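Below are the chains, spelled out letter by letter.
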Amino acid sequence: MNESTLFLITFIIYVVSAFFYLIYLFIKREKPAKWGLLTASLGLIIHTAALILRTIESGHAPFTNMYESLSFLAWASVLAYVIIEYKYRINKAGPYFFLIVIAIMAIASSPLMPKEAVPLVPALQSYWLWLHVSVTLLGEAFFSVAFITSALYLFASSKERKGKGTSLSSERLDNISYRCVAVGFPLFTLGGLIFGMIWAYKAWGSYWSWDPKETWSLITWFVFALYLHTRIVMGWRGRRSALIAIIGFLAAMFTYFGVNYLLAGLHSYT
Amino acid sequence: MTDWSSESQMKRLIGFFSSVKLAIALIIIITLVSVLGTLVPQQRSLEEYAEHYGRLSQLLTKSGFTDVYHSWWFIALLVFFSLNIIVCTLKRLSPKLRRAFNPSMEFEPKSLLSMKNKDRFSRKAGLSATQDAVEKELSSRYYRVKTRQKNNRLFFLGRKRIMGLFGSDIVHLGLLVILLGGIISGLAGFRTNLNITEGEILTVPHAEFQLKLDKFNTEYYPDGRIKDWKSTLTVIENEAPIRTQVIEVNHPLSHKGYVFYQSSYGWDWDNPQLEVWAKKSSDPDFLERLDLQLGKPARMDENLTISVLHFIPDFIINENNEITTRSLEPNNPAAFIEGWEGEEKIFSGWIFARYPDFGRIHSEKETDLTFELKDFKALQYSGIQAAKDPGVNFIWAGCTVLMIGLILAFYWPPKEIKAILEESQGRTEVTAGGTSSKNRETFASEFKEFMTSLRRSP
Numbered sequence: 001m002n003e004s005t006l007f008l009i010t011f012i013i014y015v016v017s018a019f020f021y022l023i024y025l026f027i028k029r030e031k032p033a034k035w036g037l038l039t040a041s042l043g044l045i046i047h048t049a050a051l052i053l054r055t056i057e058s059g060h061a062p063f064t065n066m067y068e069s070l071s072f073l074a075w076a077s078v079l080a081y082v083i084i085e086y087k088y089r090i091n092k093a094g095p096y097f098f099l100i101v102i103a104i105m106a107i108a109s110s111p112l113m114p115k116e117a118v119p120l121v122p123a124l125q126s127y128w129l130w131l132h133v134s135v136t137l138l139g140e141a142f143f144s145v146a147f148i149t150s151a152l153y154l155f156a157s158s159k160e161r162k163g164k165g166t167s168l169s170s171e172r173l174d175n176i177s178y179r180c181v182a183v184g185f186p187l188f189t190l191g192g193l194i195f196g197m198i199w200a201y202k203a204w205g206s207y208w209s210w211d212p213k214e215t216w217s218l219i220t221w222f223v224f225a226l227y228l229h230t231r232i233v234m235g236w237r238g239r240r241s242a243l244i245a246i247i248g249f250l251a252a253m254f255t256y257f258g259v260n261y262l263l264a265g266l267h268s269y270t
Numbered sequence: 001m002t003d004w005s006s007e008s009q010m011k012r013l014i015g016f017f018s019s020v021k022l023a024i025a026l027i028i029i030i031t032l033v034s035v036l037g038t039l040v041p042q043q044r045s046l047e048e049y050a051e052h053y054g055r056l057s058q059l060l061t062k063s064g065f066t067d068v069y070h071s072w073w074f075i076a077l078l079v080f081f082s083l084n085i086i087v088c089t090l091k092r093l094s095p096k097l098r099r100a101f102n103p104s105m106e107f108e109p110k111s112l113l114s115m116k117n118k119d120r121f122s123r124k125a126g127l128s129a130t131q132d133a134v135e136k137e138l139s140s141r142y143y144r145v146k147t148r149q150k151n152n153r154l155f156f157l158g159r160k161r162i163m164g165l166f167g168s169d170i171v172h173l174g175l176l177v178i179l180l181g182g183i184i185s186g187l188a189g190f191r192t193n194l195n196i197t198e199g200e201i202l203t204v205p206h207a208e209f210q211l212k213l214d215k216f217n218t219e220y221y222p223d224g225r226i227k228d229w230k231s232t233l234t235v236i237e238n239e240a241p242i243r244t245q246v247i248e249v250n251h252p253l254s255h256k257g258y259v260f261y262q263s264s265y266g267w268d269w270d271n272p273q274l275e276v277w278a279k280k281s282s283d284p285d286f287l288e289r290l291d292l293q294l295g296k297p298a299r300m301d302e303n304l305t306i307s308v309l310h311f312i313p314d315f316i317i318n319e320n321n322e323i324t325t326r327s328l329e330p331n332n333p334a335a336f337i338e339g340w341e342g343e344e345k346i347f348s349g350w351i352f353a354r355y356p357d358f359g360r361i362h363s364e365k366e367t368d369l370t371f372e373l374k375d376f377k378a379l380q381y382s383g384i385q386a387a388k389d390p391g392v393n394f395i396w397a398g399c400t401v402l403m404i405g406l407i408l409a410f411y412w413p414p415k416e417i418k419a420i421l422e423e424s425q426g427r428t429e430v431t432a433g434g435t436s437s438k439n440r441e442t443f444a445s446e447f448k449e450f451m452t453s454l455r456r457s458p
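Quick note, the sequences are listed as chains A and B, same order.
Going by my numbering, the first sequence opens with residue 1, and the numbers climb by one from there.
Going by my numbering, the second sequence opens with residue 1, and the numbers climb by one from there.
Some hints could be false.
[As the list claims (entries may be wrong)] Here are the simulated BS3-like cross-link-like pairs (lysine-lysine), alpha carbons at most 30 Å apart as the crow flies:
#1 202/A to 345/B
#2 202/A to 215/B
#3 96/B to 136/B
#4 115/A to 11/B
#5 377/B to 212/B
#6 213/A to 96/B
#7 365/B to 345/B
By construction, these hints were calculated from the structure, which means they are not laboratory data.
Small disclaimer: the values here were computed from a predicted structure and weren't measured.
Only chain B is shown next, with the shape it has when bound in the complex (with noise of 0.2 Å):
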């Protein structure tokens, strides 16, 4: 019959938990996971998904495949695997702590001698000396020893880098605050992108400082590539200044837990201030420079104004023939310009910056008049990431703790020596074993040379 009291189904869940196969499975399972995710693009819009897998795109999308490292089933999986690394851990533990702590003394010779390493012989000296030979050897190759003393027999445990046994315990704490961590940074960590343009004041959302942009430049490589974007940066609190700090991309400034970084940078195009010449063709020397905003007309003369009704930094005709924004970048600016006498339009059309013939200029009334965008000028913001995440400290204590277990359970093996001295008629008989978990070989000329320096110690 099954025992469904709580104590023994307590036991049950223990017991599933600490089973190295469900770690095994767990990690494999992750793995498996987190390939698909890698496959299945992430976090697209819904109209992606439906172009890319058709009918398949519901069933991914409410599925999680979509957005696989934040579905429920996915933290699931990790919350699993935390559990059962804290309990596989926690059930090795104890064994382990009490052989570190409260290890026990070898009392038979014959035990010793079925130990991996071992030796015996016998010397034609006291006890005692014996006694101190045996200490200084060994404290001189850094074992701490304990000894016991039964009528005329010695006991001896030589032990180091103990700690090394915990190696792998370290490693796991190590990974769960690392997890920890991650939570935190999930349920407490804040994010956003802030646009600030020079000597512009900005609220930081849920903290009690201000952000002033003093400069923003971008430098250049000498063939003309981007170098690097440069925020000089002044931090405000109860509108006194507090700090100043230039951040760059990899060197953000940090604040009261608030990271602040150098992400991106761009105009404010819609506010542009344009420049714009009007010349006619009848005559070369007629010339009127305009200084336009957007939607704001201007008068050229007593009967006519102009107007910009448009403006885009990088022009293009996509394919379905709209006239549209390549990129944010200046690098084909043009304007939508009209010319008004009173209720009557003359003319309207595209002139630009980088092909001033190119202008496309249709007249309803007959004019000689032509336009070229001479100069165009926006403010330039400065994307700056605003971060706040607290998880991010266990990161790190979490890394810190990971290395220093692997370095431990890799490189720093715990090592035992094992004597047993026995007097009988002015010699001694020295039995001795030696173990190590790890690096074998080098421990095994190890012991060897500790009792070749035996035999010849006085």
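Same shape as in the complex, but just chain A (with noise of 0.2 Å):
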């Protein structure tokens, strides 16, 4: 058994979490969900396996290119959704959610992102690798619960005003949607921007360049700083709220991945 075996082996199950929540979402029964959930917790454990095999068999961390840290950036997302899947029941986010972390997965595995492990360029190697992009991503990972939360509320807020009751409260939604902001901004904050200036620091000789990537993971902390105030300073709620999340994550989508492309700095190792 190889790592891009047990990747397709996850991408399937993944397929199929995704399938029973589509199922769940239209004939409105908990049992679907429930399969939904166990599925998802049963790729996410082939998917740890993955990522320990790609270690062992690259010999580094398993987030040094596109297909690796798109493939991290998916078990990270699928692990924050099922902490607040079991914690706060959002059964309803989970085919939209499946269906954001199967897009990361088929980007991953296209044909356009080379697969092979490389031996790593001098800068990459430092144990800060490990603990710089695992910490910025898992924080992503909440963000993007956050976003499909967001979302969900800026629907099920016209459907209430509609008069139509639905069966996750846009109120629950948006506190849902700050509880994963409250546990993504730590974690953001400490790999992403923290984690990240002391590496640059060791590798580079500066903690801060304003290099493009480093630029933007300050935009998006500025993005969700403003989340932050507006909510607990001027008590904006709801819909306000949810639109700022959804931007805040878009940000940090742009940072991963737009960066690389549209943004020449010191980043692009790749």
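Hints are included, so try docking the two chains, each in its own frame, into the full complex.
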């Protein structure tokens, strides 16, 4: 059994999980949602094994090229989702969430992403690679759950305004989005900004260079800081909060993805 | 009429900086400006901007948009932002301090019952027995308890995780320390690149010590990719070696506030040592080995002198038909040689180390000599970045404080349980209420549990 086989099995299991959640969405019974969560957890376990195997095969952290880091992002997102789902029961977010996970897995397995493990360039040979990337992506994984619950909030609140009830009330969605940001924000601050600065100082001799990736992670941080301040100090809730959380996630994704392809800088290793 | 006295102006200024709306506006403006700074390439040459933006380039460079993060108006924004954070934080601090260190007791059972979590029951026990039970139940849950007595009434205030009140203030403090560190780095920081060859001793600018490169080597992976660069450096103070350390990427050397990073490497191509072989097409046994240096003619026989005029490590002819080097790596080394007999030039042309048959020798006079560039050597240098950054310690301190603040703000919510006991006719009436600013569900179950065990306690 090698890593690419496990990756493929994981991919299939996530598709099955999304399928269960979709059935739940249409027949509105609890059972398929339970099956969805169960298969997702199974997928998570096999995905973990795939990442461990990748680490052993390549001899370095499993997020040094786009394929690896997309796979890790999908893993972290499913982990975040499973935690939130067990804790707060957000079945309804399941189908949408797993569509995103499948999209990430599909991009990762596209032929455009080189899959072979290449030896690390000197700058990446550091344990800060582990700390910086894993904690940052874990933070972004929670932002991705907040993104889905915020988007669902917008639908649920417009439905409620028309007088229709929903199984997951907009108030709860708003609250869960905040919980996700409350987990994601400290993780992103620690992994993305603080560990990033420490590593930059060790490798490049300067903790901050206004490199586009650095700047965009600061922009992401500012957007979520805005989310927290408008919410806690000015009492914003609901629609406006949800919109800021959505913008924050898009900024995080641009930092992760867009900067590599659209803006050049120090972080462009591959 | 407007009051323009200095005191009221000060008040107006503080009022301006204490507004949360200003904070929100500043966050949005700084974010948008930062986005702009990533869309316009920063710190490039004037020519590049002229080529890219045409007439707009003048406007862009003058307004600072080509170096946003160091422009006066961006720094002004950051100063405004810092002032805003300071005033906002201080303004909210004093009521919090009062709440933390001088909390008010609640003396009315009615107001306890208006709290989010509340409960009331009466038990068949005396006042002091109930007091023991309340104190025990609170302190076993790590609440710190304050008690007051008035006649037959007892008042309790149990609190824990009071530091959580200050989470956001500590985050702001950390952020200010980081900004301060950034200012110090910008003003007092210093950075330079040193190219140093093996055996060379360099004086570090502004420092009272020297640096010697003992050894430099490049390590490769089996497939030929570069694995690492390693420089063995010795610090020399007053002519005496103090310490020796191998530095590599990600592992710098620190000495007296200076940090030395492995940042690049290269060859001193201005002074190469070349070995050129001369052959004769008419005589297969003829072979003459020549050791040549740039600009130093060497005698081949009594009449002929050979000299190297140019050396190029990575020969290429660019689109303007100019000979140039593609990189500083020795990928396609080439030398331009000339042969002279007295005052008369016999031949000249390029010879290539990798392509011996490609040599282009133009003969002015008939000769059957051919030349091959057999070997080339140049001293390799290690590129070392020397940096002194007194701001960096502020940055790490600020980051630590900021992180502690975030954890306090999100995961250390202050909790309060207040209780009032009233004794009448051998029974004690217990009224209790509790609040927590965050994690309300967890606190609600904690409060419930507290009341349940209070009811059960003897």
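Going through the hints against the structure:
Pair hint residue 202/A plus residue 345/B does not hold up; C-alpha atoms about 56 Å apart against a cutoff of 30 Å. Pair hint residue 202/A plus residue 215/B holds up; C-alpha atoms about 21 Å apart against a cutoff of 30 Å. Our distance criterion of 30 Å between C-alpha atoms is met by residue 96/B and residue 136/B, whose separation comes to about 28 Å. The straight-line distance between the Cα atoms of residue 115/A and residue 11/B is roughly 62 Å, outside the 30 Å bound, and the hint therefore fails.
At most 30 Å may separate the alpha-carbon atoms for a hinted pair to count; residue 377/B and residue 212/B meet this at roughly 22 Å. For the suggested pair residue 213/A and residue 96/B, the alpha carbons sit about 38 Å apart, so the restraint of at most 30 Å is broken. Distance restraint check for residue 365/B and residue 345/B: the Cα-Cα separation of roughly 8 Å lies within the 30 Å cut-off, and the hinted pair is therefore satisfied.
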